[in-house]
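Asker: Chains as they are written, first to last, in our numbering: chain L, 699 to 936; chain B, 117 to 333; chain X, 1108 to 1398.
The set of hints was computed from the structure by calculation and includes no laboratory data. None of these values were measured; they are calculated from a predicted model. Watch out, some of these pointers could steer you wrong.
Claimed, not checked - Ranges of calculated distance between the beta carbons of each label pair, as one might list FRET restraints:
| hint | chain 1 | residue 1 | chain 2 | residue 2 | range |
| --- | --- | --- | --- | --- | --- |
| 1 | B | 169 | L | 810 | 34 to 44 Å |
| 2 | X | 1199 | L | 824 | 26 to 36 Å |
| 3 | X | 1199 | L | 748 | 14 to 24 Å |
| 4 | X | 1334 | B | 321 | 53 to 63 Å |
| 5 | B | 258 | X | 1149 | 29 to 39 Å |
| 6 | B | 130 | L | 775 | 42 to 52 Å |
| 7 | L | 877 | B | 169 | 28 to 38 Å |
| 8 | B | 169 | X | 1264 | 15 to 25 Å |
| 9 | L | 810 | X | 1265 | 25 to 35 Å |
| 10 | B | 239 | L | 746 | 43 to 53 Å |
| 11 | X | 1264 | L | 746 | 16 to 26 Å |
| 12 | B | 318 | L | 773 | 25 to 35 Å |
| 13 | B | 130 | L | 810 | 46 to 56 Å |
As the list claims (entries may be wrong) - Which stretches of chain X does chain L cover? Using the computed rule of at least three CB atoms under 8 Å from a CB of chain L, they are:
| hint | segment |
| --- | --- |
| 14 | 1172 to 1178 |
| 15 | 1190 to 1199 |
| 16 | 1345 to 1353 |
| 17 | 1380 to 1393 |
Every residue, glycine too, gets a C-beta built ideally from N, C-alpha and C.
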Amino acid sequence: MNFFVDALPLYLNGARYTLLITVGGCALAFAIAMAVGILGSTRSAALRALASVYVEVFRGVAALVLMFWLFYAMPLLTGYRLEPVFAAILALGLNIGAYGAENVRGAIKAVPRSQYEATVALNLSWTQRMRLVVLPQAWAQMLPTFGNLVIELMKGSAVVSLIAVSDITFVAQQLRTFTGETVLAFAAALVTYFVIAQVFVALMRLAERSANRRLGRIPARPRRRAKPAGAAAKGGAA
Amino acid sequence: MTFDWGFVGEAMPDLLTGLRYTVQATVLGYAVALVVGLLVAIVRRGAPPLVAGTVHWVMEFIRCTPLLVQLFFVFYVLPGVGIELSPLTAGVIGLGLHYAAYTAEVYRSGMEGVPRGQWEATRALSLPAHRVWLAVILPQAIRRVIPALGNYLIAMFKDTPLLFAITVPELLFEANQLGGQYFKYLETMTVVGLLFVVVSVPSAIAIRLLERRYAAV
Amino acid sequence: MPQSDDTAPRAETEAAGAPAAAPEPAPAAGAHDGDGPLIRFERVVKRFGDNVVLRELDFNVEAGERVTLIGPSGSGKTTILRLLMTLETVNGGVIWVNGDPLSHMRKGERLVPANERHQRQVRRKIGMVFQQFNLFPNMSVRRNITEAPVHSLGVSREEADQRAEELLEMVGLGDKIDEHPTRLSGGQQQRVAIARALAMRPEILLLDEVTSALDPELVAGVLDVLREIARTTDITMLAVTHEMGFARDVSHRVLMFDEGQIVEEGPPEQIFGEPREERTRSFLHAVLESG
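Looking at chain L on its own, in the form it has when it is part of the complex (with noise of 0.2 Å):
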């Protein structure tokens, strides 16, 4: 019981860095996937080309490769240094971005065709379209896997502590060296992540709800947890 005492303050500093990473990162990653996604479903062969690409790239590389390459690679290149969190929060924004942008396109080709010739009827522009129409309908249809995104980026957040970022696997790998304690010591960082994620989830379900309830779809029951969380991260590879 004395270590979780003396250890708890040293994991709440380390949640504060996995959350302003996780956080970062998917403010990155969620304007990527909108930019991108749009691009791709756009009528232009060139652009839908150059977000596949993007998309394509960036899935393949794992976040964890691309901080090195940012952190390690990219001075040399360069003659800058980024800070350690910042390269973190750039390599996971950039991965999760490439992963969000093809549910942000598949969301827009899910919204019927009847509901764009509505829009041309209205006689609205392209751009009224997407803020006015499809967006909106999109919206409720990324969340889920947004969701799933939200949970593989906050995971994938743990890579930083091997460029030397005092997150809470850092602070599990210090208190393994300095108590002996290895047991405690990563069970109460899994134990930790774990927390985090159900409030996440929690946050996204809620969000979802209300994205559902704006377009009239009112559930008749509560939604059983429909995909495991990052499901469609790790399985999105196609």
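For this one, chain L is given, so just place chains B and X on it according to the hints.
Answerer: Showing chains B and X alone in chain L's frame:
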């Protein structure tokens, strides 16, 4: 600083040795994930609620926590209880268990896709349980989830660089070592990134073709 | 409506069966700046793959005229409306609206396929009501009706709101303005869709089987609204419908289609009363039998 192609040539043999470990870990870990995931899916379907529920939450726990920490756990904890593991074995176990939590969900969706009539037919024929699974349910369930399982093979391949953290001499490990030794991070890390793209992009395209082929089923 | 002076009298004299006659030289043209008809199809060809839906179709619609398209399914009626709405593009020929090519634009002396900007310019005048209503589920009834006028026509919010209230009153849904469209019955949704189309003040209203998706008891309410619009406005209407009673009541002219061609056309009394073509007779027979 310019990109030193000569160094890339010199480093290639070491990097390819690393790639061999990467591939080895992927293949073995994937085998573990396929088998354990299937067992988990069957248990969740067939076992009493308490057992099935427990298994469900264990899997949920695995899916919601970082693979890296799980690898550390296996690597540092198991030797503590007297089980001596090579880094590669620990990595294969860690990868395999982590991905079993995902493949279990894939199998489950495949089983749910088997029409109810098929289950009822097995009952009508009063087939023994192992015949029900082996001869009727699994062949149908697995066939329709082959592309989804394939996606996890690629995903796992992309996660193998994490084994670097538990000293498996895989691709990233070699690259990091060579990079540190000669201060040639730019060359080694770029090559690692390219190798990953070169392997995973064509694989992803292959999976998409598989998907198209099995989608008709 | 700008061309009201021109068209109101015609609406009253339609019983004479004149509208099908040669295009009049539009005496008091008003906003109608072309010399010819409001809508002109000129040897229009539309194919879907190997399937030729329209083969060199020619026909005109005058400003203020109400035209009903009937015929067996697959005869190309809906395609005509979709081409006018720029939801499809022609494979041959030209569609003219108000003297402007819709599917094409002028580039010096030549006509080239229209770009998005040109199409937006021309289709300002055109509104459409769909078989499946196509209301936006992410907006209230009010916003369904007001968004396009505000964003596309530049009308102020207040003005758009007031117009929405008037239109909803007209279609008998004044109390539903803040409802969510998914809470309404099909007939109510279709009436909102009609109000939404009218809010854009179109000169041409396209009605694509607007009652086909409705339960039988809801059809009458929607048709009453359309009859009212026909009675009180001079909007040019093109309707594809299987409601022969409605076609008889409101249209100036009926076009019978089969296999992408006009088989027969004339005032409703003639088409429904004494059809000349065998194909028209058998089609009407089949429809009236089942109806």
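Asker: So, for every hint listed, does it hold in this structure?
Answerer: Evaluation of the provided hints:
1. B/169 <-> L/810: 34 to 44 Å: Holds - the Cβ-Cβ distance for residue 169 of chain B and residue 810 of chain L, about 39 Å, lies within 34 to 44 Å.
2. X/1199 <-> L/824: 26 to 36 Å: holds (27 Å)
3. X/1199 <-> L/748: 14 to 24 Å: violated (34 Å)
4. X/1334 <-> B/321: 53 to 63 Å: holds (58 Å)
5. B/258 <-> X/1149: 29 to 39 Å: Once the Cβ atoms are compared, 59 Å apart, the range 29 to 39 Å for residue 1149 of chain X and residue 258 of chain B is violated.
6. B/130 <-> L/775: 42 to 52 Å: violated (22 Å)
7. L/877 <-> B/169: 28 to 38 Å: At 34 Å between Cβs, range holds.
8. B/169 <-> X/1264: 15 to 25 Å: Once the Cβ atoms are compared, 54 Å apart, the range 15 to 25 Å for residue 1264 of chain X and residue 169 of chain B is violated.
9. L/810 <-> X/1265: 25 to 35 Å: Check passed, 32 Å falls within 25 to 35 Å.
10. B/239 <-> L/746: 43 to 53 Å: Hint holds: Cβ distance 50 Å, inside 43 to 53 Å.
11. X/1264 <-> L/746: 16 to 26 Å: violated (36 Å)
12. B/318 <-> L/773: 25 to 35 Å: For residue 773 of chain L against residue 318 of chain B, whose Cβ atoms are near 31 Å apart, the range 25 to 35 Å holds.
13. B/130 <-> L/810: 46 to 56 Å: holds (54 Å)
14. 1172 to 1178: violated (count 0)
15. 1190 to 1199: Held - the segment 1190 to 1199 of chain X has 3 residues with a Cβ nearer than 8 Å to chain L, which meets the minimum of three.
16. 1345 to 1353: Since three or more residues must qualify, the claim that chain L covers the segment 1345 to 1353 of chain X is violated, with 0 doing so at under 8 Å.
17. 1380 to 1393: It is violated: at least three residues are needed, and the segment 1380 to 1393 of chain X offers just 0 whose Cβ sits closer than 8 Å to chain L.
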